[in-house]
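Undergrad: Residue numbers (the numbering used here), protein chains in the order written: chain A, 1 to 225; chain B, 226 to 412.
Hints are supplied without guarantee of correctness; some may be wrong.
From the derived model, a few chain B residues whose C-beta atoms are all more than 12 angstroms from chain A [unchecked claim]:
hint, residue
1, 246
2, 249
3, 253
4, 311
5, 315
6, 318
7, 319
8, 352
9, 353
10, 354
11, 356
12, 383
13, 384
14, 387
15, 388
Computed from the model, here is a short list of chain A residues facing chain B with C-beta under 8 angstroms [claimed, not checked]:
hint, residue
16, 42
17, 47
18, 50
19, 57
20, 58
21, 59
22, 60
23, 89
24, 101
25, 168
26, 187
27, 211
28, 218
Just so you know, the hints here were simulated from the structure itself, not pulled from any lab data. Here a beta-carbon is modelled for each residue, glycine too, at the ideal position from N, C-alpha and C.
If you want the building blocks of each chain, they are given just below.
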Amino acid sequence: MKKFSGPPFVVGMVFAERVKVAASPEAPHPPEQQLAPQAGAGLDGASDGLLARRAADGDSRAFEVLLRRHLSLMTAYAVRLTGSRADASDAVQEASIAIWRELPTLTTPDAVRGWMMRIVSRKAFDLMRARKPVDDIDDEAVSNRLPVSESADPARLAVTGDAMAGLRAALDRLPRLQRQSWILREVGGESYGEIAEHLGITTTAARGQLARARETLTREMEAWR
Amino acid sequence: MSEQTVTLERLSDYLDSGRFPYDPEIEDVPENAGQLAVLQRLRSLSGRLISDEAAAEPEPDPSWFSGVMDRVRREARSGRDIPLLASDAFETLHVTEGAVRGLIREAGDSVPGAVVISCSIDGSVTELGAPLHIEVTISALRGEFVPAMADEVRQAVADRLTAQELVVETVDIVIGDVHLLESEASQ
Numbered sequence: 001m002k003k004f005s006g007p008p009f010v011v012g013m014v015f016a017e018r019v020k021v022a023a024s025p026e027a028p029h030p031p032e033q034q035l036a037p038q039a040g041a042g043l044d045g046a047s048d049g050l051l052a053r054r055a056a057d058g059d060s061r062a063f064e065v066l067l068r069r070h071l072s073l074m075t076a077y078a079v080r081l082t083g084s085r086a087d088a089s090d091a092v093q094e095a096s097i098a099i100w101r102e103l104p105t106l107t108t109p110d111a112v113r114g115w116m117m118r119i120v121s122r123k124a125f126d127l128m129r130a131r132k133p134v135d136d137i138d139d140e141a142v143s144n145r146l147p148v149s150e151s152a153d154p155a156r157l158a159v160t161g162d163a164m165a166g167l168r169a170a171l172d173r174l175p176r177l178q179r180q181s182w183i184l185r186e187v188g189g190e191s192y193g194e195i196a197e198h199l200g201i202t203t204t205a206a207r208g209q210l211a212r213a214r215e216t217l218t219r220e221m222e223a224w225r
Numbered sequence: 226m227s228e229q230t231v232t233l234e235r236l237s238d239y240l241d242s243g244r245f246p247y248d249p250e251i252e253d254v255p256e257n258a259g260q261l262a263v264l265q266r267l268r269s270l271s272g273r274l275i276s277d278e279a280a281a282e283p284e285p286d287p288s289w290f291s292g293v294m295d296r297v298r299r300e301a302r303s304g305r306d307i308p309l310l311a312s313d314a315f316e317t318l319h320v321t322e323g324a325v326r327g328l329i330r331e332a333g334d335s336v337p338g339a340v341v342i343s344c345s346i347d348g349s350v351t352e353l354g355a356p357l358h359i360e361v362t363i364s365a366l367r368g369e370f371v372p373a374m375a376d377e378v379r380q381a382v383a384d385r386l387t388a389q390e391l392v393v394e395t396v397d398i399v400i401g402d403v404h405l406l407e408s409e410a411s412q
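Required output: the full structure, derived from the provided sequences and hints.
TA: In structure tokens, the structure reads:
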């Protein structure tokens, strides 16, 4: 746990409480002031919420710390969504700039990570739409660009009991829209409406894609248990 | 209700709601409860899949990263222009609001135990010589004597801005958060 947070309170309100803490013999001031966060160094240990609020206030250094902290997750998410490392890198770059621009509008800084991930998915789909204006990607081709594990045989997986490898292989076998819907929903926590918008389909169709993905994955999952 | 009577979508929505309010049609029917458990497992596995892949990500290419940060800094939000006292009839010197925020952060961060979260600059900001009202929201290291820290931050901010030929009338400090040292936080 990195911090205690709560509604902001002004100094006057906390005064009495803090006086008690400071005056208590059990809580002496240890001579460890030199351990207090230095300018710069202090930000590395700062909470996401603090960094987000500070970056929203225009501090590019706080933004850099925030970005470094979540960059690998953003990248992994984008790779899963685009199926391509190069596209993921471009999408994450565009997302990073958008995050910086839009941070001042973020109303829940403590939830900045999920918000960043939604911007990543938005940029990933913007990019895919721009690259392939016609929806002509065949699922085969996308699957082939993913590093499909060699252990795609459910029977073999049941023996090894490696549920994670099982899920990986099952996801790789799903048609593109189903796979993307699943990742957006279960990893990104996006709504049916948001998923529909990304995929350029109706909300009903997005529900359908997700329903099929769920059916396939829960059925295959039986084999890994 | 021996057959599964509940769709996977409904089970999924039920999971989304944190399994609340309690749904006996799901929880009390073994087939449905079993499917719910499978969905829950799939969901947590999917999250782990991405975090595992994130952990395996190579360090970002330094040129990629500096490219992003260059663009970010080019889009710095400079805000209003604040005239400096050093201006005279011939020339008005300005400092951007963004730069003043930077000074406030620097001054506040220099106080042990304090980390600046945000600040606001009020007053007739763009008028030469108009007094500024500054509010600084900080996070305080837990265990620090907060009123003393607030005074120190107030003084540090006022000194820094005055040294830049700005007229500061008030500096209010708001404690927006309390944080732990990193070493404590990880324990």
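Undergrad: It remains to establish, for every hint, whether it holds in the given structure.
TA: These are the hints, each one checked on the structure:
1. 246: holds, 21 angstroms
2. 249: With a cut-off of 12 angstroms, residue 249/B remains clear of chain A, as the shortest Cβ separation is near 21 angstroms.
3. 253: holds, 20 angstroms
4. 311: Label holds. Min Cβ-Cβ 24 angstroms, cutoff 12 angstroms.
5. 315: holds, 31 angstroms
6. 318: Since the minimum Cβ distance to chain A is about 21 angstroms, residue 318/B lies beyond 12 angstroms and the statement holds.
7. 319: holds, 17 angstroms
8. 352: holds, 22 angstroms
9. 353: holds, 23 angstroms
10. 354: holds, 25 angstroms
11. 356: Non-interface label stands for residue 356/B: nearest chain A Cβ at 21 angstroms, farther than 12 angstroms.
12. 383: The assertion about residue 383/B holds, with a minimum of 16 angstroms to chain A.
13. 384: holds, 15 angstroms
14. 387: Non-interface label on residue 387/B holds, nearest chain A Cβ at 20 angstroms vs cutoff 12 angstroms.
15. 388: holds, 17 angstroms
16. 42: With Cβ-Cβ at 5 angstroms, under 8 angstroms, it holds.
17. 47: Holds, about 7 angstroms.
18. 50: At 6 angstroms from the nearest chain B Cβ, residue 50/A passes the 8 angstroms test, so the hint holds.
19. 57: At 4 angstroms from the nearest chain B Cβ, residue 57/A passes the 8 angstroms test, so the hint holds.
20. 58: OK, holds: residue 58/A within 8 angstroms of chain B, min 5 angstroms.
21. 59: holds, 6 angstroms
22. 60: holds, 5 angstroms
23. 89: holds, 7 angstroms
24. 101: Holds, about 7 angstroms.
25. 168: Constraint on residue 168/A satisfied, holds at 6 angstroms.
26. 187: Holds: closest Cβ of chain B sits about 5 angstroms from residue 187/A, inside 8 angstroms.
27. 211: At 6 angstroms from the nearest chain B Cβ, residue 211/A passes the 8 angstroms test, so the hint holds.
28. 218: OK, holds: residue 218/A within 8 angstroms of chain B, min 5 angstroms.
Checked against the numbered hints given earlier, this structure breaks none of them.
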